[in-house]
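K.L.:
Here's the letter readout for the chains.
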Amino acid sequence: MIVGVVLLLATGYGYWYRHRDGRVKARAVTEERLRLDQSEIGSLGERATLLQFSSAFCTPCRATRVILSEVAAATPGVRHIDVDAEHELALVRKVGVLSTPTTLILDNNGYEIARAVGAPRKAQVLASLEALQ
Amino acid sequence: MLKQIDVRGARFGALLTTFVLALTLATESWILALWQTAVFAIGATFGPARTPYASIFRALVKPRLTSSPTFEDERPPRFAQLVGFLFGAVALVGVASGISLLFTLAIAFALAAAFLNATFNFCLGCKVYLLLVRAFKGNKASEISLPAQVK
Chain A
146 MIVGVVLLLA
156 TGYGYWYRHR
166 DGRVKARAVT
176 EERLRLDQSE
186 IGSLGERATL
196 LQFSSAFCTP
206 CRATRVILSE
216 VAAATPGVRH
226 IDVDAEHELA
236 LVRKVGVLST
246 PTTLILDNNG
256 YEIARAVGAP
266 RKAQVLASLE
276 ALQ
Chain B
88 MLKQIDVRGA
98 RFGALLTTFV
108 LALTLATESW
118 ILALWQTAVF
128 AIGATFGPAR
138 TPYASIFRAL
148 VKPRLTSSPT
158 FEDERPPRFA
168 QLVGFLFGAV
178 ALVGVASGIS
188 LLFTLAIAFA
198 LAAAFLNATF
208 NFCLGCKVYL
218 LLVRAFKGNK
228 ASEISLPAQV
238 K
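In the order they appear, the protein sequences are chains A and B. Using our numbering, you'd call the opening residue of the first sequence number 146 and step up by one each time. Using our numbering, you'd call the opening residue of the second sequence number 88 and step up by one each time.
The set of hints was computed from the structure by calculation and includes no laboratory data. A couple of the hints might just be wrong.
To be verified - Simulated crosslink set (DSSO-like; lysine-lysine; CA at most 27 Å straight-line):
id, chain 1, residue 1, chain 2, residue 2
1, A, K267, A, K239
2, A, K239, B, K224
3, B, K214, A, K239
4, A, K170, A, K239
5, A, K170, B, K214
6, B, K224, B, K214
7, B, K214, B, K90
8, B, K90, B, K149
9, A, K267, A, K170
10, B, K214, A, K267
What the hints assert, rightly or not - Pairwise CB distance ranges, derived in the manner of DEER restraints:
id, chain 1, residue 1, chain 2, residue 2, range
11, B, R137, A, L243, 27 to 35 Å
12, A, G241, B, F223, 13 to 21 Å
13, B, S155, A, A171, 32 to 40 Å
14, B, S187, A, Q183, 52 to 60 Å
15, B, A146, A, R238, 43 to 51 Å
Since the model is a prediction, treat every value here as computed from it, not as a measurement. Built from N, CA and C at the ideal position, the CB exists for glycine as well.
Start from the sequences, fold in the hints, and give me the full structure.
P.N.:
If you want it as structure tokens, here you go:
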């Protein structure tokens, strides 16, 4: 009986996880939205920055790296930065990163315009970059 | 080059682990819990490719597969084996101390994680590791390492 309950709960969580994983969510344009400064992440892209948080025990971090570097290479003015979350805990806490990979899309002023937890879907990343212009 | 393992083997291992843990929970057998905890210990110490389940995969399953192998970094599944081992150890403490609720809870969590890994490709290290680092480490190291990021 208990096995059935555990598997049922896990299945429910699994579908929720699959639904949410990698989804690029736009951030509302408000006064208190997150802004990162040049000095906090090295430097910002001219048009946008793809800020990736990775860790050692993370399989989809590699796929994320591939997707985001492709996007950055194909889109002028877009910079991809890959941060080792474990070694940038101050930034991790400020941004509110709870798991890896987490990707923030920042505009040219460092404002967060979107965020994805899990390997982001490439089309959605491109779409939110397009919305910048 | 980082150590790589066959993704299919890791998935097969997770499936067998799910099966064994489900059986453990249903029968409340401490022998099965001991077996699975020992398997987790081997996986965490020598890598997931060195467990008995990986041997079964190589001997019986792999020769019958037609898909070409894909490889992944072994560290994330190895970390998951360590987490599995800790849950198994807690379950065994439950057995030794006669607290059966401890046994049930620990095996239930391990079962849920193994099942999610086998069916949804759930990455335990992604969800757990950073939370642990955040809980146990202060900010100091990051303040020193930040200038190194500037290119």
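K.L.:
Taking the hints in turn, state whether each one holds.
P.N.:
So, going through the hints one by one against the coordinates:
no., hint, in the structure
1, A:K267 <-> A:K239, "holds (26 Å)"
2, A:K239 <-> B:K224, "holds (15 Å)"
3, B:K214 <-> A:K239, "holds (18 Å)"
4, A:K170 <-> A:K239, "holds (19 Å)"
5, A:K170 <-> B:K214, "holds (19 Å)"
6, B:K224 <-> B:K214, "holds (17 Å)"
7, B:K214 <-> B:K90, "holds (22 Å)"
8, B:K90 <-> B:K149, "holds (19 Å)"
9, A:K267 <-> A:K170, "holds (13 Å)"
10, B:K214 <-> A:K267, "holds (22 Å)"
11, B:R137 <-> A:L243: 27 to 35 Å, "holds (32 Å)"
12, A:G241 <-> B:F223: 13 to 21 Å, "holds (18 Å)"
13, B:S155 <-> A:A171: 32 to 40 Å, "holds (38 Å)"
14, B:S187 <-> A:Q183: 52 to 60 Å, "holds (57 Å)"
15, B:A146 <-> A:R238: 43 to 51 Å, "holds (47 Å)"
Comparing the model with each numbered hint stated earlier shows that all of them hold.
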